[in-house]
Amino acid sequence: DSSNDGATTKNSDDVKTITFVHEESPDSVQNDYAEAFKEMVEDRTNGEVVVEVYPVGQLGDAPEQAEQLQMGGVDLAIASPGNTGTIVPENQLFLLHHLFSDDMEVNQEVLKNSEALDELALLYEENNMKVLSFWSQGFQQWTSDEEIRRPEDFEGLRIRTMPSPLLTDTYNAYDANPSPLPYEEVYSSLQLNMIDGQENPYFAVEEMNFQEVQNYVIESEHAIYATATVANPEFYEGLSDEVRTVVDETIKELQGLSVEMQEERNEEALETILESDIEFVELDDEEKAAFEQASEPVIEEYKEQVGSDGAEIIEQLQEEIAEAEEKYK
Amino acid sequence: MIWLILGIIFTLLLIGFPMKVPLIAAGLISMLMYFPDTDLGILIQQYFAGIQAFVLLAVPMFIFAADIMSSGNTSRRLLDFVSSMIGHVRGGYAMTTSVACALFGSVSGSTQATIAAAGKPMRERMAEKGYKDSQSIPLIVNASDLALMVPPSIAMIIYGVVTGTSVGELFVAGITPALIILAMFLIYNYLEARKYNLVDQGRRESWREAGRYLRKAALPLGFPVLIIGGIYSGLFSPTEAAAVSVGYAFLIEVVIFKSVKISEIPKIAESTAIVTAAVFILVAAGQGLSWVLSYAQIPEQITDTIFGSDPSQLYVLFMIAVLFFVVCMFIDPLVVIFVLTPIIEPVAMDAGIDPVALGIIVTLQAAIGSATPPFGVDIFTAIAIFRRPYLEIVKGSLPYFLILGIASALLILFPNIILVYEFFVPTE
Amino acid sequence: MIRALDNMFEKVERWSISSAIILMALVLIGNVISRLVFNVTWTFAEEVGQMLIIIITFIGLSHVARRGRHIRMSAIMELLPYKVQKVMMACITILTSVLLFFLTYVSGSYTVTMFDLDRVTPALRIPLYIMIAVMTFGFFMAGIQYLRTFIRNLKYEGIHEGTESIEGENE
Ligand code: NA
Ligand code: NA
Numbered sequence: 003d004s005s006n007d008g009a010t011t012k013n014s015d016d017v018k019t020i021t022f023v024h025e026e027s028p029d030s031v032q033n034d035y036a037e038a039f040k041e042m043v044e045d046r047t048n049g050e051v052v053v054e055v056y057p058v059g060q061l062g063d064a065p066e067q068a069e070q071l072q073m074g075g076v077d078l079a080i081a082s083p084g085n086t087g088t089i090v091p092e093n094q095l096f097l098l099h100h101l102f103s104d105d106m107e108v109n110q111e112v113l114k115n116s117e118a119l120d121e122l123a124l125l126y127e128e129n130n131m132k133v134l135s136f137w138s139q140g141f142q143q144w145t146s147d148e149e150i151r152r153p154e155d156f157e158g159l160r161i162r163t164m165p166s167p168l169l170t171d172t173y174n175a176y177d178a179n180p181s182p183l184p185y186e187e188v189y190s191s192l193q194l195n196m197i198d199g200q201e202n203p204y205f206a207v208e209e210m211n212f213q214e215v216q217n218y219v220i221e222s223e224h225a226i227y228a229t230a231t232v233a234n235p236e237f238y239e240g241l242s243d244e245v246r247t248v249v250d251e252t253i254k255e256l257q258g259l260s261v262e263m264q265e266e267r268n269e270e271a272l273e274t275i276l277e278s279d280i281e282f283v284e285l286d287d288e289e290k291a292a293f294e295q296a297s298e299p300v301i302e303e304y305k306e307q308v309g310s311d312g313a314e315i316i317e318q319l320q321e322e323i324a325e326a327e328e329k330y331k
Numbered sequence: 292m293i294w295l296i297l298g299i300i301f302t303l304l305l306i307g308f309p310m311k312v313p314l315i316a317a318g319l320i321s322m323l324m325y326f327p328d329t330d331l332g333i334l335i336q337q338y339f340a341g342i343q344a345f346v347l348l349a350v351p352m353f354i355f356a357a358d359i360m361s362s363g364n365t366s367r368r369l370l371d372f373v374s375s376m377i378g379h380v381r382g383g384y385a386m387t388t389s390v391a392c393a394l395f396g397s398v399s400g401s402t403q404a405t406i407a408a409a410g411k412p413m414r415e416r417m418a419e420k421g422y423k424d425s426q427s428i429p430l431i432v433n434a435s436d437l438a439l440m441v442p443p444s445i446a447m448i449i450y451g452v453v454t455g456t457s458v459g460e461l462f463v464a465g466i467t468p469a470l471i472i473l474a475m476f477l478i479y480n481y482l483e484a485r486k487y488n489l490v491d492q493g494r495r496e497s498w499r500e501a502g503r504y505l506r507k508a509a510l511p512l513g514f515p516v517l518i519i520g521g522i523y524s525g526l527f528s529p530t531e532a533a534a535v536s537v538g539y540a541f542l543i544e545v546v547i548f549k550s551v552k553i554s555e556i557p558k559i560a561e562s563t564a565i566v567t568a569a570v571f572i573l574v575a576a577g578q579g580l581s582w583v584l585s586y587a588q589i590p591e592q593i594t595d596t597i598f599g600s601d602p603s604q605l606y607v608l609f610m611i612a613v614l615f616f617v618v619c620m621f622i623d624p625l626v627v628i629f630v631l632t633p634i635i636e637p638v639a640m641d642a643g644i645d646p647v648a649l650g651i652i653v654t655l656q657a658a659i660g661s662a663t664p665p666f667g668v669d670i671f672t673a674i675a676i677f678r679r680p681y682l683e684i685v686k687g688s689l690p691y692f693l694i695l696g697i698a699s700a701l702l703i704l705f706p707n708i709i710l711v712y713e714f715f716v717p718t719e
Numbered sequence: 027m028i029r030a031l032d033n034m035f036e037k038v039e040r041w042s043i044s045s046a047i048i049l050m051a052l053v054l055i056g057n058v059i060s061r062l063v064f065n066v067t068w069t070f071a072e073e074v075g076q077m078l079i080i081i082i083t084f085i086g087l088s089h090v091a092r093r094g095r096h097i098r099m100s101a102i103m104e105l106l107p108y109k110v111q112k113v114m115m116a117c118i119t120i121l122t123s124v125l126l127f128f129l130t131y132v133s134g135s136y137t138v139t140m141f142d143l144d145r146v147t148p149a150l151r152i153p154l155y156i157m158i159a160v161m162t163f164g165f166f167m168a169g170i171q172y173l174r175t176f177i178r179n180l181k182y183e184g185i186h187e188g189t190e191s192i193e194g195e196n197e
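Residue numbers (our numbering), protein chains in the order written: chain A, 3 to 331; chain B, 292 to 719; chain C, 27 to 197.
Incorrect hints may appear among the rest.
[Claimed, not checked] For the chain B half of the interface with chain A, some residues (derived, Cβ under 10 Å), not all of them:
1. P515
2. S528
3. P706
[Stated by the list, open to error] In silico EDC-like cross-links for lysine to aspartate or glutamate, where the CA-CA straight-line distance does not exceed 20 Å:
4. A:K290 <-> A:E221
5. A:K40 <-> B:D330
6. B:K686 <-> C:E36
7. B:K558 <-> C:E36
8. A:K18 <-> B:E555
9. A:K132 <-> B:D330
10. A:K331 <-> A:E107
11. C:K37 <-> B:E555
12. B:K558 <-> C:E190
13. A:K132 <-> C:D144
14. A:K290 <-> B:E419
15. A:K254 <-> A:E37
[Said to hold, decoys possible] Here are some chain C residues pointing at chain B (derived, C-beta under 10 Å):
16. L31
17. F84
18. G86
19. R93
20. M115
21. C117
Honestly, the hints are just simulated from the structure, not real lab data.
Please read all numbers here as calculations on a predicted model, not as lab measurements.
C-beta: ideal position from N, C-alpha, C; glycine also.
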């Protein structure tokens, strides 16, 4: 076989190849992150390490990728809680509405320093995934055929959610009709009016062109689209001290850089969204508070569903968020 | 690595292994040779994942519906109706076969079911009128291609699954090309009858008589309306439409006409399950092989080699059509769509090709390939049903290949023909 | 004894794949009715459908092998003399059987991995290892069928593609 055969590099001794998979398209926050990682690590190791980035679809959907990481076929992955909730049920706390702040600075502080999330990371480790970093890709927002300002506006609304029982509970708390659908089917289902709305950060809305088939885009900031960079533990332990230091430092830097990466993508996306025939609605503090109140019982349901580990983690996390909010007031 | 994979697949295929074996073996052997440290369990994960797409459930459902109808009287009622309309024209029996294949195609998504349901009775009727088997069987095998072009279509469902294109739009878009191909078939049917001086026209039926046949065929004819209308109005998804079509077939054959007994249903379901299993194991194995290719980053190499940099739209469409046509001659077309589409899709999108138009062209190549030697599955279906030798079926197919080749060229040169469907559908 | 066991398996296979098809139709139709009439979507419909398709494909795999109903290209083989055909068919069946037993092993280990990873389906929370176990079972049973076909080819006259059919007498 020729030397440019991608296969041969994986087994060669002098060059270490890192396979890095993520869930999103080549034109996305996760790809920006992965490509930045590639560039920084390859540069800092003087070509000793090669990073191969596989965007979504190439090696499978998100849960499959996570499993490949657990089995060691993949070294690094960006895995979102919504897609790994069946592996680490406790991480569904990221899906809860208004648990985090509507100030991204506060959230960034928590994601970076939280001890509660260190506990959560231990639960990942039990499942053969080592969390290198939690970070955010921006706020979750709604798009809908109907104007949504208060929980009552959700009554009977068929909203697409990720396949998580907790999300179903949340929207049931608003008397909506949550419909878990595969991501790829959302556009056509909106077009065919099989569903009336969905939730995603702006960059995803723009990428999937949901604005073409929706009447309202609602800046609700009801949750953060959090994600985790995870490594296969054996891969991570097997790195030379030198390379591991480079990886650790790069991941740390990227945690900070991700804030701007997502902001840039989301702002651009919103501009594009608003160019089409769609109405923009911004929830004020009072309206957000109404949703916070309506979704509060779901936090209790979370505790019941995932058990004592999760209950402790979320209580500690709530304290940490409150502390950070004080600090940035 | 790509040569190793191709080598394994073609050697094993030619020796006569069941088609799943080359696909499975090629994936396993390349993993063992190139990635010995990688867990083979990932292949099993991919086999599993390959058949998990919800839309794929439409495949067994459409097959089930077609199986129920071929056990009943649907195809005969459709034949009688068509023949009462055009049976009196010269070449009328051949024409009836062409139209009947298209019509049965509109209630079934598979070429094989169409050969069995519409082909079997038409071969007998054509034989009575002096057609040789070497004329009628190739016609049936190739006209069955229309079943894949006319909605519902299993090939379009699989294309929709892997590209995320709306199956509903693909269904509607297939109609115009199908009508063009049908027209070309009808012209050939007429010319053939004239050349061999076949006096095959039946007597002209009175309008009253034709009306009687229409009434009998009305229920089956409501079928495509239900499916396309249902999907388009958002009443149900393609998968649900397929299930609804099972319900409809059951209603017609078991409840209304009582031509199938309810006790026969498990037996029909068993035969549906066998066809489904034979196809889905290939889809599963194809997904495993796809994964290995992606893991080795081969798709990029393939597209770079075939398409070069910045290719023109025409060149891309032409190469894609050739690629699919050739590969479909050897491997089950559904699996080819499943494995190759993700590889060529990015190139096609970069060249500005409409995903729906691409889907229709790919489907047409798959349909043609399914009747093309050496391995076209429809040829083997026909051998099994009609018990005629391989070469006889293949030889008579030449004129139809020409017709289908011209149709392909037409669609590749003027892909806008496919997009006329946009005028007929409501947009938001 | 083995005969009786085999007959029993044959019946179970037939029963499970045909009921799977019928059940799939019922669940999907039920979901349409439930949604259109009562405005309630059955969130489990998708998962049930996926489970059934695994049963149909992998239990069907064994059934297809038994009946010799696989998609395969026989044209070249048919041109060869009988003796050569017989040897080839013996090789094909034994190699296919070996391949399927190897898959049984790989799939079995993957079942164990899945058992450890504890993954479940989102709505019904069915452990995924159960579905993988069905695959493993299907590979194993199909391996047995090809092994039996191989033995038939050795023991008896004729070219056997499955344990129940002889080449050329389809259906
Ligand atoms: Na069709
Ligand atoms: Na065909």
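Now the hints, each set against the structure:
1. P515: Cβ of P515 of chain B sits 18 Å from chain A, so the hint is violated.
2. S528: It holds, given that the least Cβ distance between S528 of chain B and chain A is near 7 Å, below 10 Å.
3. P706: violated (22 Å)
4. A:K290 <-> A:E221: Holds. K290 of chain A to E221 of chain A sits at ~10 Å (cutoff 20 Å).
5. A:K40 <-> B:D330: violated (24 Å)
6. B:K686 <-> C:E36: violated (40 Å)
7. B:K558 <-> C:E36: holds (14 Å)
8. A:K18 <-> B:E555: Answer violated: K18 of chain A to E555 of chain B is near 62 Å, above 20 Å.
9. A:K132 <-> B:D330: With Cα atoms ~19 Å apart, K132 of chain A and D330 of chain B stay inside 20 Å; holds.
10. A:K331 <-> A:E107: holds (11 Å)
11. C:K37 <-> B:E555: holds (16 Å)
12. B:K558 <-> C:E190: Status holds; Cα separation ~17 Å.
13. A:K132 <-> C:D144: holds (17 Å)
14. A:K290 <-> B:E419: violated (78 Å)
15. A:K254 <-> A:E37: holds (15 Å)
16. L31: violated (21 Å)
17. F84: With Cβ-Cβ at 8 Å, under 10 Å, it holds.
18. G86: holds (2 Å)
19. R93: holds (7 Å)
20. M115: holds (8 Å)
21. C117: holds (8 Å)
Hints 1, 3, 5, 6, 8, 14, 16 from the earlier list are contradicted by this structure; the remaining hints agree with it.
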